[in-house]
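Number of protein chains: 2
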Amino acid sequence: MAHVGDNRRKVIFLLIDGMGSLPVKDGKTEWELTPTPNLDKLMQKGVYGLMHPIRIGVIPGSDTSQLNMLGYPPEKFYPGRGPLEALGIGMELKQGDIAFRANFATVDNNLVVKDRRAGRIETQDAHALAREISYMKIDGLEFIFKASVEHRGSVIVRGNVRGLGSEGICDTDPHREGARVVLREDNALARAIKKYTLKAHEILSKSSINRKRKLPANALLLRGAGTYNEVEPFEKRFGMKACCVAGAALYKGIARYLGMHVCHVAGATGTYSTDLEAKARAASAHLKEYDFVYLHVKAMDNAGHDGNVKMRIEMIRKIDKMAGMLGKEDAILVVTGDHSTPPTKREHSFEPVPILISNVAARSYGMKKFCEVSCAQGELGRIEGKDIMGLVMAYSGRSEKYGE
Amino acid sequence: MAHVGDNRRKVIFLLIDGMGSLPVKDGKTEWELTPTPNLDKLMQKGVYGLMHPIRIGVIPGSDTSQLNMLGYPPEKFYPGRGPLEALGIGMELKQGDIAFRANFATVDNNLVVKDRRAGRIETQDAHALAREISYMKIDGLEFIFKASVEHRGSVIVRGNVRGLGSEGICDTDPHREGARVVLREDNALARAIKKYTLKAHEILSKSSINRKRKLPANALLLRGAGTYNEVEPFEKRFGMKACCVAGAALYKGIARYLGMHVCHVAGATGTYSTDLEAKARAASAHLKEYDFVYLHVKAMDNAGHDGNVKMRIEMIRKIDKMAGMLGKEDAILVVTGDHSTPPTKREHSFEPVPILISNVAARSYGMKKFCEVSCAQGELGRIEGKDIMGLVMAYSGRSEKYGE
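These protein sequences, in sequence, are chains E and B. For the first sequence, position 26 (counting from the first letter as 1) is numbered 132 according to my numbering, and the numbering increases by one without interruption. For the second sequence, position 27 (counting from the first letter as 1) is numbered 133 according to my numbering, and the numbering increases by one without interruption.
Incorrect hints may have been included.
It does not matter which identical chain is meant; a pair holds if it fits inside one copy or across any two.
[As the list claims (entries may be wrong)] Taking lysine-lysine and the DSSO-like style, the derived pairs with C-alpha atoms no more than 30 angstroms apart in a straight line are:
| hint | residue 1 | residue 2 |
| --- | --- | --- |
| 1 | Lys151 | Lys474 |
| 2 | Lys507 | Lys424 |
| 3 | Lys182 | Lys507 |
| 4 | Lys475 | Lys492 |
| 5 | Lys347 | Lys451 |
Think of the hints as simulated: they come from the structure by calculation, not from any bench.
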C-alpha cells in the first residue's frame with residue numbers, strides 16, 4: 107500500500123529508453139508484433155497517447171529528453187553530458203565546476219591517437235591507472251579524475267575558471283584514430299587543459315600497468331564539456347520525494363542532478379543481461395520511502411542501435427512482465443520512452459513514442475493492444491515531454507484548482 | 107533518383123490552395139466522394155493528420171498561411187499583399203520600398219469610381235497604357251508601375267519614406283463603385299500619393315488608347331500597401347536550394363520573397379485550364395537542380411469560391427493523377443493545403459486540412475482513403491502550419507540530434 111495521504115498517490119515512472127519504432131516486419135513495429143498481455147490490461151485502466159519527447163520533428167538525445175520529461179526543460183537546464191556522466195559515476199560536483207567525459211586512449215609519441223579506447227582496457231587496470239592521475243593542480247586549477255567502466259571515466263576541473271575564457275571549451279578528443287589530440291592555447295583554461303593532458307600522458311606512459319599492454323592506456327581524451335550549476339531539487343519542485351533505479355551512469359547522473367536518491371540494484375546493468383525483475387522489485391520496495399520512483403530501462407535502446415529486432419522483442423516481453431509486477435502496486439504507473447530508436451535506422455529518431463498513464467480512473471477508448479498505433483487513438487492525443495509532470499501531478503492528486 | 111547525400115532526401119511540397127472542404131453531398135466532402143487511387147497508395151507509405159495552417163480557429167489567408175507553412179511566421183514576416191504581388195509579377199523590390207496592388211479603373215471628373223476594373227480592360231491595352239505611366243518622380247519619391255493581367259498591376263513607391271509618415275498608409279481604392287478615390291493630405295507620403303494619383307489620372311485621360319473605350323482606364327486605384335524588407339533566404343534558413351512551380355502571381359511572389367527560384371511552366375495558369383501534368387513534369391525535372399520544389403495548385407480554391415462542386419471533383423481527379431506522377435520520384439512528397447474553401451461557404455474557412463508526408467518510413471494506421479476524415483486518424487494527429495518545416499527537415503534527414 108503506497109498511499110501518501112487521503113488522495114495523493116505515489117508514482118512509478120517507467121522510462122523505456124529508445125522505446126518507439128518503425129515497421130520491422132509485415133508493416134508492424136516490434137510492439138505490434140509482440141504479445142504484451144500485462145500492458146494491454148494496464149491500458150484498460152489508464153489513459154494513453156503518443157508523445158513527442160521534446161517537440162514534434164526534433165530528434166531527442168536521451169539526456170535532454172529525460173530532463174524535459176522530468177520537468178526540467180533542456181533549453182534552461184541541460185548542463186551538457188560531462189556533468190551528468192560525472193554525477194552518474196558518483197563524483198561530487200560543486201557549483202561552477204567544469205566536467206568532461208574522459209576516455210583512456212592509446213597515443214604515439216606525437217600524441218596521435220592509435221586507439222580511442224586503449225583496446226577497451228579492463229576495468230581493473232583502468233582503476234589502477236586512475237589512482238596515479240586521480241588529482242592534479244595546474245595553474246591554480248584542480249583536475250580530478252575518476253574511472254568508471256573499461257576505458258570510461260570523467261574529469262572535473264575546479265577553480266575560478268570564469269575569467270579564464272571558459273566559453274566554448276573544446277574536446278581534446280579528435281573523435282577519430284590517426285588524428286592528434288586537440289590541444290589549444292587560445293585561453294588560460296585551454297592552456298591548463300593542455301598541461302594537464304601532457305602531464306597525464308607523462309605519468310601514464312611511465313606506469314607499470316601499461317608495460318604489459320599491447321595498447322597502453324597512455325592518454326586521456328576529454329569530451330562533452332559542461333558547467334555544473336545546481337538546480338531546484340525535484341522534491342522541492344514537485345513535492346515528491348524521488349529515487350531512481352537505473353543501470354547506466356548517465357541516468358543515475360540525471361537523477362543525482364535533480365536531487366533524486368540513486369538506488370543500488372544488483373543486476374541492473376543497463377545492458378542486455380540486465381535483471382528487469384530485480385529492478386521492478388527494487389522499485390516496489392522503494393515505494394515505501396519514496397513518492398516518485400524513476401525506473402530506467404536502457405537495453406531497448408541498445409538493441410535499436412544494434413539493429414537487433416530479436417533482442418527488441420525479447421526486451422518487450424521482459425518489460426511487459428516488469429510492467430505486470432509494477433501494475434500491482436497501488437501507485438500510478440507511467441510507461442513511456444525518451445525517443446524512438448528503430449532498428450531499421452539504428453539511431454535515435456523523432457517519431458513520437460507511446461505514453462500510458464495507468465492505475466487511474468479513465469475513460470475507455472477501446473484499444474486492446476499496447477503499441478504505437480493503438481496509443482495514437484487514446485485520450486492523450488499527441489503531447490510533448492514537457493506535459494508529463496503536469497499530468498503526473500494531476501493524476502496523483504497533487505494539483506490545485508486554478509480559479510474557482 | 108533525387109538523393110542529396112547519404113541520407114538527405116529531396117522534397118516536393120504539393121500545396122493545394124483551398125484544399126479542405128465540408129460535406130457537399132450525402133454528408134461527404136469532395137475528397138470522400140472522389141476516387142483518389144494514387145493518394146490512397148501514398149497514404150500506405152506515409153504519415154498523415156489534420157493541420158491548422160495558422161492556428162485552430164483562425165481563417166487563413168493564402169499569403170499568411172503559406173508563409174507560415176514555409177517556416178516564416180506571418181506575425182513577423184508578412185509584408186502585406188502589395189510587396190508579394192509586385193514580386194510575383196516580376197518587379198524588383200529594394201529594402202524599404204512600399205508596394206501596392208493597383209487596378210486600372212474608370213472614374214468621372216470628380217474621381218468618383220464608375221468601374222473598379224475599367225470594364226476588365228484587355229491585357230494588351232493595359233500594357234500600352236502602362237508604358238505612359240511606368241515611372242514618375244514626385245516630391246523626391248519614385249513611383250514605378252507595372253501592369254500584369256487585365257486591369258491588374260502593382261505600384262512601387264521608392265525613396266526615403268521613413269520620415270514621411272508612412273505609418274498606416276491607406277488604400278486609395280474606395281472598394282466600391284459610386285465612391286470617390288480616397289486621397290489624403292495628413293502626411294507627406296499621403297500628399298505625394300495624391301499628386302501621383304492625380305497625375306496618372308491626367309495622363310491616362312489623355313491617352314489615345316482610352317479614346318475608343320466605353321469605360322476608359324483613366325485612373326489607378328491602390329490597395330494592399332506593405333513595406334518590403336529582405337528576409338533570410340529559404341536556402342540559408344533550411345539548407346535546401348528551392349524552386350517554385352506556380353501559375354498565379356501571388357505564389358510566385360511568395361517564392362521570390364523567400365529567395366526561391368521561380369520556374370516558368372507553359373500551361374501553368376492558376377486557373378481551371380491549368381495543365382497539372384505539365385506542372386508535375388516540371389517539378390520532377392527541377393528535382394535535379396533543387397532540393398525543395400514548392401508546387402502550387404490554385405484551381406481548387408477558385409472552384410471553392412465559385413461554389414463549383416463539379417469542378418472541385420474534377421480538380422481532385424487531376425491532382426490525384428499528379429500526385430501519382432510525383433510519388434514515383436525518390437523524394438519526400440508533402441501534400442497539404444493552405445486552408446479550406448468549402449463550396450458551400452464560397453470563402454476561406456478555418457477547418458483544418460489534410461496533410462500527408464509520403465515516401466517515408468512510417469507506422470501503418472490502416473486508413474484506406476485519402477480525405478479529411480481518414481487523415482484525422484493518422485500519427486500526425488493535429489498539427490499547425492508552423493510544424494511542417496521541422497517535420498520536413500526531420501524526414502528528409504536534415505535534423506540534428508538535440509543532446510546525446
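Hints, verified against the model:
1. Lys151 <-> Lys474: both (11 angstroms within a copy, 24 angstroms between copies)
2. Lys507 <-> Lys424: between (39 angstroms within a copy, 29 angstroms between copies)
3. Lys182 <-> Lys507: Both, since 27 angstroms and 17 angstroms are each at most 30 angstroms.
4. Lys475 <-> Lys492: Answer is within: at 26 angstroms inside a copy they meet the 30 angstroms cutoff, but 33 angstroms across does not.
5. Lys347 <-> Lys451: between (38 angstroms within a copy, 26 angstroms between copies)
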